[in-house]
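Position chain A against the provided structure of chain S, taking the given hints into account.
Protein chains in written order, with full-length UniProt numbering: chain S, 1 to 400; chain A, 1 to 379.
Heads up, some of the hints might be wrong.
Each computed DSSO-like pair below joins lysine-lysine, with the alpha-carbon atoms no more than 27 Å apart [to be verified]: (1) S/Lys395 <-> A/Lys305; (2) S/Lys205 <-> A/Lys286; (3) A/Lys169 <-> S/Lys366; (4) S/Lys395 <-> S/Lys374; (5) S/Lys325 <-> A/Lys286; (6) A/Lys313 <-> S/Lys191; (7) A/Lys313 <-> A/Lys169; (8) S/Lys191 <-> S/Lys325; (9) S/Lys366 <-> S/Lys325; (10) A/Lys305 <-> S/Lys325; (11) S/Lys191 <-> A/Lys290; (12) S/Lys161 <-> S/Lys239; (13) S/Lys389 <-> S/Lys366; (14) A/Lys169 <-> S/Lys325.
No lab work stands behind these hints, which were simulated from the structure alone.
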Amino acid sequence: MAALASSSSSLLFSSPPSKLPSPSLYPLPRLSLSTSSFLSSSLSISPSFFAYPTSSRRYSAPSFTVKASAGEKKKVLIVNTNSGGHAVIGFYFAKELLGSGHEVTILTVGDEGSDKMKKPPFNRFSEIVSAGGKTVWGDPADVGKVVAGATFDVVLDNNGKDLDTVRPVVDWARSSGVNQFLYISSAGIYKPTDEPPHVEGDVVKADAGHVGVEKYIAEIFSSWAIFRPQYMIGSGNNKDCEEWFFDRIVRKRPVPIPGSGMQLTNIAHVRDLSSMLTLAVENPEAASSNIFNCVSDRAVTLDGMARLCAEAAGLPVEIVHYDPKAVGIDAKKAFPFRNMHFYSEPRAAKDILGWNGTTNLPEDLKERFEEYVKIGRDKKPMQFELDDKILESLKFAVAV
Amino acid sequence: MSKLVVLQPTKQPSISLLPSALSDFNGTKLCQIQYKRKVWQPKGALQVAASSTKKILVMGGTRFIGIFLSRLLVKEGHQVTLFTRGKAPIAQQLPGEPDSEYSDFKSKILHLKGDRKDFEFVKSSLSAEGFDVVYDINGREADEVEPILDALPNLEQYIYCSSAGVYLKSDLLPHCEIDAVDPKSRHKGKLNTENLLASRGVNWTSLRPVYIYGPLNYNPVEEWFFHRLKAGRPIPIPNSGVQITQLGHVKDLAKAFIQVLGNEKASKQVFNISGEKYVTFDGLAKACAKAAGFPEPEIVHYNPKEFDFGKKKAFPFRDQHFFASIEKAKHVLGWEPEFDLVEGLADSYNLDFGRGTYRKEADFSTDDMILGKSLVLQS
Chain S
1 MAALASSSSS LLFSSPPSKL PSPSLYPLPR LSLSTSSFLS SSLSISPSFF AYPTSSRRYS
61 APSFTVKASA GEKKKVLIVN TNSGGHAVIG FYFAKELLGS GHEVTILTVG DEGSDKMKKP
121 PFNRFSEIVS AGGKTVWGDP ADVGKVVAGA TFDVVLDNNG KDLDTVRPVV DWARSSGVNQ
181 FLYISSAGIY KPTDEPPHVE GDVVKADAGH VGVEKYIAEI FSSWAIFRPQ YMIGSGNNKD
241 CEEWFFDRIV RKRPVPIPGS GMQLTNIAHV RDLSSMLTLA VENPEAASSN IFNCVSDRAV
301 TLDGMARLCA EAAGLPVEIV HYDPKAVGID AKKAFPFRNM HFYSEPRAAK DILGWNGTTN
361 LPEDLKERFE EYVKIGRDKK PMQFELDDKI LESLKFAVAV
Chain A
1 MSKLVVLQPT KQPSISLLPS ALSDFNGTKL CQIQYKRKVW QPKGALQVAA SSTKKILVMG
61 GTRFIGIFLS RLLVKEGHQV TLFTRGKAPI AQQLPGEPDS EYSDFKSKIL HLKGDRKDFE
121 FVKSSLSAEG FDVVYDINGR EADEVEPILD ALPNLEQYIY CSSAGVYLKS DLLPHCEIDA
181 VDPKSRHKGK LNTENLLASR GVNWTSLRPV YIYGPLNYNP VEEWFFHRLK AGRPIPIPNS
241 GVQITQLGHV KDLAKAFIQV LGNEKASKQV FNISGEKYVT FDGLAKACAK AAGFPEPEIV
301 HYNPKEFDFG KKKAFPFRDQ HFFASIEKAK HVLGWEPEFD LVEGLADSYN LDFGRGTYRK
361 EADFSTDDMI LGKSLVLQS
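Isolated chain S, as found in the complex:
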């Protein structure tokens, strides 16, 4: 029924009219979008499963698993950022693809010898090499040269935040015959809403750099998928996440959280992001022309994250709330998460790719804390200037 291995089946999944880039990515307000998708699905030819939901409506028959290219091995190029919260995505993705028998090249931006490469995950790239992957360095604008003329089936850009940076990669991929283009965007582009969560199809901030990239990819490629992540934990992370809480908890310092602490956010183990990307590579027809919130399937409050970190560490925690404006500090500098609800759900991945989240923060944070201690970070001398300023303004005495 749903096993579509033959090439003729690809016709059934060729985008129905409603899957034109602009309606899929940037839908009109809900009512009219639904109307147009309604009509287009009514124009489609039977059988009834042809009227497959567009990216804005994700109701798949549960028995419907698309494995059109299951078993086919792909040549994948990952263009990876050299720093920041997303860096670790390429590392896990590379290893998972290699483990599944695909060929992987990971192109890291910049120079192999730069100081940035001394930090995780780059200082663990030997793991990619020993698994059979290739690691190269260079400027994504010269990607063709950097990969020395190699060709690929799939490209993941896990680097650019604006069109100027990603366009050369997209153009080269198209001209060199890449079939599928994947892009790590950001759930940060969703417009804030009174009605969480952010779901795929919701309005995004028109001026966000990622938005221009998403649009361009959809114009140039017929097989594309976009992934919008939030925060991540996982060994090899380039940017602090849970460590911010551990730093304070192990030193018996209060944890200052801006606002009410009730703000919801999404913190996923990076293996969940990797598995979603892998499903897209292995099910390109299903993934095609879709946006996926690349997050775990539970949100956590900021207070909740502090509590879970403390439980993982087996230590007590004291949470202190403050108003950044009243204290006179920039919350962005003082706290690693957005001071607002920042909450998306991975509905498209579950509906369309049959993806399931495995992030289990209570368990995963235990493992993270073990590593935190193992590398000796709990003993590392640290300054907490901004914390002290906050606590001082709240007239909070900290034992020295």
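Below, chain A without anything else, positioned relative to chain S:
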């Protein structure tokens, strides 16, 4: 509407009648509500075909959910009996309900008058009648269910209206059906009932709504906001106002109840049933204003710990995040809510409060305590 016709799938047409049935209750103002999303049925799900008429007992059915559910059941061709004490009329014409439809319903709906707490009567009257399916809309305690099960040994399905209130409070959200429940919650009777059903070997289905809203709501959810908006009063909201809650329209809930009837995939399963999206407290105040055509309200936040409201409730929602994922119902049943929040609130307003009807008189005494104090602080 033409698009409904076009979208008739080759699957069971009886389910697809639902949108038009529900639209009967829309007033003329609601032309902007489009039954835009077709309910997709998963393959293999047993559907309620018009030919399999059932003898159905509804425990309750004259107050809110049951009013909508019983109409859908009668429209589907089932023989429907409402078990109530008779305090409310068995049938009353609803705003927007055409005369012909109402008289058809009124002529067909049956009444079994009794007190469900009278277990002996329940057992004897039910066993005398015999029913294929029981919808238990108003059950609170497990002991209320036992006589029903005892009376109907060949019962095909026991469909229970439980509550998302059974979930254990958590820092990880949304609540999903697999999550821990709280044996000490205010809703432990619902939990005990679910456990009893599971232990008795009967084919049961349990739906867990969050906050239900819609015309005829007797819980002052949207009504609480409408009273203040109409009076031009500020809306006092406890603490930050970013607490997230979730409303589910009663008509969508009724539809879910229909979709689990005779559905193999619903057998011995629990489903969260509510709206597609959640909403912050502040956002809900704004949505009510938008739906009812009022200007954006003034919202006043306060610390509830600074007040003693006595027995009165200063705000109709629990002061915490409280919302549940409906993805299981969507995936397994192919059910999905028709109403967006603003659409649903408009439906409620236009068919109920906006016509001058409501259940509880406005009581602004706690508001005045809050506003009085904030005025003092400002001066």
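Taking the hints in turn, this is what the structure says about them:
| no. | hint | verdict |
| --- | --- | --- |
| 1 | S/Lys395 <-> A/Lys305 | holds (22 Å) |
| 2 | S/Lys205 <-> A/Lys286 | holds (21 Å) |
| 3 | A/Lys169 <-> S/Lys366 | holds (22 Å) |
| 4 | S/Lys395 <-> S/Lys374 | violated (35 Å) |
| 5 | S/Lys325 <-> A/Lys286 | holds (25 Å) |
| 6 | A/Lys313 <-> S/Lys191 | violated (34 Å) |
| 7 | A/Lys313 <-> A/Lys169 | holds (21 Å) |
| 8 | S/Lys191 <-> S/Lys325 | holds (23 Å) |
| 9 | S/Lys366 <-> S/Lys325 | violated (34 Å) |
| 10 | A/Lys305 <-> S/Lys325 | holds (24 Å) |
| 11 | S/Lys191 <-> A/Lys290 | holds (19 Å) |
| 12 | S/Lys161 <-> S/Lys239 | holds (17 Å) |
| 13 | S/Lys389 <-> S/Lys366 | violated (30 Å) |
| 14 | A/Lys169 <-> S/Lys325 | violated (31 Å) |
Checked against the numbered hints above, the structure breaks hints 4, 6, 9, 13, 14 and satisfies the rest.
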